[in-house]
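**Q** Add chain B to chain A, keeping to what the hints say.
In case you want the letters, here they are:
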Amino acid sequence: MAETRPGAGRRIIRWIDYRLPFMATLEHELYDYPTPRNLSYWWNFGSLAGIMLVVMIVTGVFLAMQYTPSSEQAFDSVQHIMRDVNYGWLMRYAHENGASMFFAIVYIHIFRGLYYGSYKQPREFLWMLGVVILLLMMATAFMGYVLPWGQMSYWAATVITNLFSALPLIGHPIVTFLWGGYNVGDPTLHRFYALHYLLPFVIVFVVLLHLVALHRFGSNNPLGIDLKGPQDSVPFHPYYTIKDLFGLSVFLLIYAFFVFYAPNFLGDPQNAIPANPMQTPPEITPEWYFLPFYAILRSIPSKLSGVLLLAASIFILFVLPWLDTSPVRSARFRPVYKWVFWLLVIAVVALGWVGAHPPEGIVITIGRIATFYYFFHFLVLFPLIGKLERPRPLPASIGTPVLAGGSSPLGRAGAPLEKP
Amino acid sequence: MPLEMSRLVRLAAALAMLLALATVAPTYAQETPPLPHQQWSFDGVFGTYDPAALQRGFQVYKQVCSACHPVTHLYFRDLTAIGYTAAEVKALAATYQCAAGPNDKGQMYQRPCLPADPIPGPFPNEEAARAANGGALPPDQSMLVAAREGGPDYVYAILNGYKPAPSGVEVPSGKYYNEYFPGHMIAMPPPLSAGAVTYADGTKATVPQMAHDAATFLTWASHPNLDSRHIMGAKVFLFLFVTVGIFYAAKRKIWSRIH
Numbered sequence: 124m125a126e127t128r129p130g131a132g133r134r135i136i137r138w139i140d141y142r143l144p145f146m147a148t149l150e151h152e153l154y155d156y157p158t159p160r161n162l163s164y165w166w167n168f169g170s171l172a173g174i175m176l177v178v179m180i181v182t183g184v185f186l187a188m189q190y191t192p193s194s195e196q197a198f199d200s201v202q203h204i205m206r207d208v209n210y211g212w213l214m215r216y217a218h219e220n221g222a223s224m225f226f227a228i229v230y231i232h233i234f235r236g237l238y239y240g241s242y243k244q245p246r247e248f249l250w251m252l253g254v255v256i257l258l259l260m261m262a263t264a265f266m267g268y269v270l271p272w273g274q275m276s277y278w279a280a281t282v283i284t285n286l287f288s289a290l291p292l293i294g295h296p297i298v299t300f301l302w303g304g305y306n307v308g309d310p311t312l313h314r315f316y317a318l319h320y321l322l323p324f325v326i327v328f329v330v331l332l333h334l335v336a337l338h339r340f341g342s343n344n345p346l347g348i349d350l351k352g353p354q355d356s357v358p359f360h361p362y363y364t365i366k367d368l369f370g371l372s373v374f375l376l377i378y379a380f381f382v383f384y385a386p387n388f389l390g391d392p393q394n395a396i397p398a399n400p401m402q403t404p405p406e407i408t409p410e411w412y413f414l415p416f417y418a419i420l421r422s423i424p425s426k427l428s429g430v431l432l433l434a435a436s437i438f439i440l441f442v443l444p445w446l447d448t449s450p451v452r453s454a455r456f457r458p459v460y461k462w463v464f465w466l467l468v469i470a471v472v473a474l475g476w477v478g479a480h481p482p483e484g485i486v487i488t489i490g491r492i493a494t495f496y497y498f499f500h501f502l503v504l505f506p507l508i509g510k511l512e513r514p515r516p517l518p519a520s521i522g523t524p525v526l527a528g529g530s531s532p533l534g535r536a537g538a539p540l541e542k543p
Numbered sequence: 006m007p008l009e010m011s012r013l014v015r016l017a018a019a020l021a022m023l024l025a026l027a028t029v030a031p032t033y034a035q036e037t038p039p040l041p042h043q044q045w046s047f048d049g050v051f052g053t054y055d056p057a058a059l060q061r062g063f064q065v066y067k068q069v070c071s072a073c074h075p076v077t078h079l080y081f082r083d084l085t086a087i088g089y090t091a092a093e094v095k096a097l098a099a100t101y102q103c104a105a106g107p108n109d110k111g112q113m114y115q116r117p118c119l120p121a122d123p124i125p126g127p128f129p130n131e132e133a134a135r136a137a138n139g140g141a142l143p144p145d146q147s148m149l150v151a152a153r154e155g156g157p158d159y160v161y162a163i164l165n166g167y168k169p170a171p172s173g174v175e176v177p178s179g180k181y182y183n184e185y186f187p188g189h190m191i192a193m194p195p196p197l198s199a200g201a202v203t204y205a206d207g208t209k210a211t212v213p214q215m216a217h218d219a220a221t222f223l224t225w226a227s228h229p230n231l232d233s234r235h236i237m238g239a240k241v242f243l244f245l246f247v248t249v250g251i252f253y254a255a256k257r258k259i260w261s262r263i264h
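For the record, the sequence lines run as chains A and B.
FYI, in this note's numbering the residues of the first sequence are 124 to 543.
FYI, in this note's numbering the residues of the second sequence are 6 to 264.
Quick caveat, the hints were computed from the structure, so don't treat them as lab data.
The model shown is predicted, which means the values in this text are computed figures rather than measured ones.
You may find that some hints are simply not true.
Unchecked claim - Derived DEER-like restraints, expressed as beta-carbon distance ranges:
hint, chain 1, residue 1, chain 2, residue 2, range
1, A, Pro-518, B, Ala-254, 29 to 35 Å
2, A, Trp-465, B, His-264, 27 to 33 Å
3, A, Ile-174, B, Pro-127, 47 to 53 Å
4, A, Ile-377, B, Pro-107, 50 to 56 Å
Claimed, not checked - Partner residues are not named here, just some residues of chain A that face chain B (Cβ under 10 Å, in silico):
hint, residue
5, Asp-199
6, Tyr-216
7, Ile-365
8, Ser-372
9, Leu-376
10, Val-382
11, Ile-396
12, Pro-400
Claimed, not checked - Okay, the calculated bits of chain B under chain A, using three or more residues with CB under 8 Å as the criterion:
hint, segment
13, 147-154
14, 223-233
15, 251-262
Beta carbons are placed, not taken as given, at the ideal position from N, Cα and C, and that holds for glycine.
Only chain A is shown next, with the shape it has when bound in the complex:
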């Protein structure tokens, strides 16, 4: 307060930075950070996911201030938020639809990584941290869905926790331990609330690790080749800050459409009925973002095999970098993989459709074919195509084709990346 002459703020920052290089690190990692100059809009989804994580935490904290995690009062407290709390409906709809947006963004982010080979050497660990984030998100979303304590909350919790009972010997004790009793009840709701509040901060931590791992070698790019020098990159700011902001504003249009004009479109009307342990809803369907996994679970008549397959469908992602034998990252230069990639997209979309329909007739058949393909894709096609395919020649560098168009070299280029 006493110090008002110009330069005081700058001097304080310098004083702190000398002792804790906070601003300097930010400047290095967000401002100067050399980024491939050819990133497409598919590279917007990483920052979008990060922003959604913040939105979810902020809206969630406000909801937590009004929510009561007891089986007697949870449903009514959500209605209290929706009806009586100022802008409570806004916070709740933003949080509820935000979960769907978050998953949509992350799924696009994952498929982008699959198409452009972002999981390959040297970014294997970056990818694996991403899979950890996905797992944490799934756990968080599932527990969050239980909190409103509607019919679908209750029965989804019952069905999903019961999956563990398929395990021999330890299955039932695990389920009792998860529930804190002999059915889903008050203790279950309390612990799910506590964990639903905790896990997002664990996600923040893993996201930071994800970022550190990302910044070790920098972003992959649509050509999938390494940066060869300063002409291949641009500083993150302003080039990608503005590109990310533009993408964010377009995304917000879609998000706002759901929040303001179709807030219950992605939800299930059953969840507007208070949880009733004595009455099973006509159909128990998970939220759309879990449907493909749900379809894999149901594709096998045996419960234990279904559960193991469900777990495998996610854990297989951890070993992708070693299943893929192709040294070429980007599908642009992989004439076979380029097409096979879309078969996986079709299989996953088909699984989503199967998960939303009662398992009868053709639905079962499609579910089984798609489940088979999902694993066939990773376990057989991934190693095989890498061996048999003849990739097209890679360009010499990112900068060459761009600069050939005729333009002056960059004024502010990043430092050349060291080669591993």
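**A** What follows is chain B alone, placed relative to chain A:
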């Protein structure tokens, strides 16, 4: 026990099940037709509730539906949002009795309701509601539109969906045939008949009119913030359109330096 079942018994059981299925099948074979979509004032991006329809709908609720259905999540004070004045709400609340207490003698007592009280339902608890309705539970109407696929269209279709049962379909006693009810056998007797309500605003009380008004009121009861949500949405969209434009122009300008 199942392990001891002989082959013959199992065969007999399977046959019995097939027979049972065959007799049940006609009821399920008649699919519920798709809900016809009605025109609602609150449809679309700029849709808002029609206050006159809301008040007429409340009148239908008060004089017809409230005999069996509670509106658990509605308070008297909420009714100012559908156009009643604070004084009118206070007077209306005073016509109901609310439980209060304990007083300084430790006794519970009844007093006229206040605007801050929840609107009392017709039954003190679920058991009483079931006992009075042949075992069926009339659902809470403050969440009904939110809790049904199709929302207001479903409510409207049910209220207009009473038909004589098709030949061959037997309607058990205490049940009624309704075209749009899942399984068609509904425990609610046809609630509306022409002129059941005398509208304060003079509108002719036909069954479709009352059904439409009641569905409008119940949509408001489930989604009381729809009006402000739609208005805020329009402002947000206006803001975002400008933002998208500015960011796009800025992105073009900045990237033109290296293109």
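**Q** Hint by hint, work out which the structure violates, then give me just those numbers in ascending order.
**A** 12
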